[in-house]
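Asks: As a plain string of letters, each chain reads:
There are 2 protein chains.
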Amino acid sequence: MTGKLYIVGVGPGHHDHMTFRAKEVIAESDTIVGYETYVNLVQDLIGGKTVYRYAMTQEVERAHQCIDLAKSGKIVSLVSSGDPGIYGMAGLIYETLAETGWDPKDGLQVEIIPGVSALNSCASIIGSPLMTDFAVVSMSDLLVPWEIIEKRVEAAAQGDFVIVIYNPASKKRIHQLQDTRKVLLKYRKPTTPVAIIKGAFRDSETIVMTDLENLPNHSDQLGMITTVIIGNSSTYTYKDLMINPRGYKSKYNLEEQTNPNLKV
Amino acid sequence: MTGKLYIVGVGPGHHDHMTFRAKEVIAESDTIVGYETYVNLVQDLIGGKTVYRYAMTQEVERAHQCIDLAKSGKIVSLVSSGDPGIYGMAGLIYETLAETGWDPKDGLQVEIIPGVSALNSCASIIGSPLMTDFAVVSMSDLLVPWEIIEKRVEAAAQGDFVIVIYNPASKKRIHQLQDTRKVLLKYRKPTTPVAIIKGAFRDSETIVMTDLENLPNHSDQLGMITTVIIGNSSTYTYKDLMINPRGYKSKYNLEEQTNPNLKV
Chain F
1 MTGKLYIVGV GPGHHDHMTF RAKEVIAESD TIVGYETYVN LVQDLIGGKT VYRYAMTQEV
61 ERAHQCIDLA KSGKIVSLVS SGDPGIYGMA GLIYETLAET GWDPKDGLQV EIIPGVSALN
121 SCASIIGSPL MTDFAVVSMS DLLVPWEIIE KRVEAAAQGD FVIVIYNPAS KKRIHQLQDT
181 RKVLLKYRKP TTPVAIIKGA FRDSETIVMT DLENLPNHSD QLGMITTVII GNSSTYTYKD
241 LMINPRGYKS KYNLEEQTNP NLKV
Chain Z
1 MTGKLYIVGV GPGHHDHMTF RAKEVIAESD TIVGYETYVN LVQDLIGGKT VYRYAMTQEV
61 ERAHQCIDLA KSGKIVSLVS SGDPGIYGMA GLIYETLAET GWDPKDGLQV EIIPGVSALN
121 SCASIIGSPL MTDFAVVSMS DLLVPWEIIE KRVEAAAQGD FVIVIYNPAS KKRIHQLQDT
181 RKVLLKYRKP TTPVAIIKGA FRDSETIVMT DLENLPNHSD QLGMITTVII GNSSTYTYKD
241 LMINPRGYKS KYNLEEQTNP NLKV
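Chains as they are written, first to last, in full-length UniProt numbering: chain F, 1 to 264; chain Z, 1 to 264.
In isolation and in its complexed conformation, chain F is listed as follows (with noise of 0.2 Å):
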């Protein structure tokens, strides 16, 4: 008997965004597996179900017990916040499953279901900083080696991306975003708009607007669940939001449509 294995995302820690998909799969899934904190965004959806609380670090057990648990038959959600295609347990759960020569077709039925991630919730609430083309980076060198890290972050100030942070520091791990901020400022301005937004759409949410000069004055900003999204050269601030363009200024006269009096 098999069953099936959803890999669930439920977005920004707040019901509000979260998909209709991913309520109706965690409603059908008898056994709920995820990061204690990740499990307690669903707590009033997992009533009466199997739930198993992992600690951060476990990914590679957790991983194998969902995938044992759907081949037993069990209905699993594996939940956590935004999405788990990025950054997030998909992946590991693929490896693991084509390390056992599994078959997509005739096998564990396997299902991603995509939700709000950081860079969606948190470019939501402070603007429109990702009109134009950006960068994701993950400061974690976990997993991997921060050399190739930085050399990202230069590739991506060398192409003008406007680039969005995961994981930006932890208690141990500081370094990183103080050696992104001295590359970017070899290629952008001191001013380039820099927005740090810690548990968006969470009750503790706070957001802090400042720009790459005075970055380093905002570490007690940094954490597990903040996001950093700086700007490129065509990004600006008003009021507290940070803008980017899309180039439609060089293109349309925006005041012409407010002033039909008005010759182009």
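Hints were generated in silico from the structure; no laboratory data involved.
Every value quoted in this text rests on a predicted model; they were computed, and no experiment measured them.
One thing to keep in mind: the hints can contain errors.
Here are the simulated distance ranges between beta carbons [what the hints assert, rightly or not]: (1) Z:Y52 x F:I174: 29 to 37 Å; (2) Z:L185 x F:T37: 40 to 48 Å; (3) F:Q58 x Z:T50: 50 to 58 Å.
From the derived model, a few chain Z residues whose C-beta atoms are all more than 10 Å from chain F [said to hold, decoys possible]: (4) T2; (5) E28; (6) Y52; (7) A90; (8) W146; (9) N217; (10) D220.
25 Å max Cα-Cα, derived SDA-like pairs, lysine to any residue [said to hold, decoys possible]: (11) Z:K23 x F:D44; (12) Z:K151 x F:D179; (13) Z:K239 x F:T96; (14) F:K151 x Z:S234; (15) F:K71 x Z:T237.
We treat Cβ as the ideally placed atom computed from N, Cα and C, and that holds for glycine.
Starting from the structure of chain F, add chain Z where the hints point.
Replies: Coordinates of chain Z only, in the frame set by chain F:
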């Protein structure tokens, strides 16, 4: 009297992947504005409301009308597929408001409702391509000169980013993806996995898994609702899935957990 303006992402065109907040604000609104195709996506939710449908390329007019309607006291939802914060209408609305000296604190209330964008939905369908750092690039050169876009592709290639391409081609615009492929082949193997996703989560959904070498054989798959995901140096395919390992392999032995007798 002042109304409200919601800029609403309804996800990839299937209500399953819409958020609760998106549905809620559409229900609260008395006025719906949007590009015709997007309005059609929520046709079943807008009975009894005033609906303004626009043709493509009327973005500036659409932004002004939304703002004027909200200022006159209407509760307006400007709807779009995906996430309006990613290459969407959020930017033009804020730009237009900024031009008129709008103050978010005591002026018109604006809320962006983030949604599942093409990068989220397409990744979830084809495997786990976004387990590592990625760059998001739009090939549309209507508002951004092609030279800038090409420079970004080159930077993303140099940084070994996975690349998500929005708007890869239209009927009049086909050279961009060909040029992109040429740039990438300077840095990446011809066997680098490429996924072409058309109409994600719509009834018309089609997926082609190919590689950089064979990408030109699939130009019939390109269009306005197509997204292309190009792997980086560590991306591999497994039975039509695109997997990025996120570095776990180098750190953990995945076999260890299934075979506890194995010494590491």
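Asks: Against this structure, judge whether each hint is valid.
Replies: Structure-based check of all given hints:
1. Z:Y52 x F:I174: 29 to 37 Å: This hint is violated: roughly 50 Å between Cβ atoms.
2. Z:L185 x F:T37: 40 to 48 Å: holds (43 Å)
3. F:Q58 x Z:T50: 50 to 58 Å: Once the Cβ atoms are compared, 53 Å apart, the range 50 to 58 Å for T50 of chain Z and Q58 of chain F holds.
4. T2: holds (17 Å)
5. E28: holds (13 Å)
6. Y52: holds (15 Å)
7. A90: violated (4 Å)
8. W146: holds (12 Å)
9. N217: Per Cβ check, N217 of chain Z is outside 10 Å of chain F; nearest 24 Å; holds.
10. D220: Non-interface label stands for D220 of chain Z: nearest chain F Cβ at 25 Å, farther than 10 Å.
11. Z:K23 x F:D44: holds (21 Å)
12. Z:K151 x F:D179: At roughly 24 Å apart (the allowed maximum being 25 Å), D179 of chain F and K151 of chain Z satisfy the hint.
13. Z:K239 x F:T96: holds (14 Å)
14. F:K151 x Z:S234: With a Cα-Cα distance of about 16 Å, the restraint between K151 of chain F and S234 of chain Z holds, given a limit of 25 Å.
15. F:K71 x Z:T237: holds (23 Å)
Of the numbered hints given earlier, the model fails hints 1, 7; all others are met.
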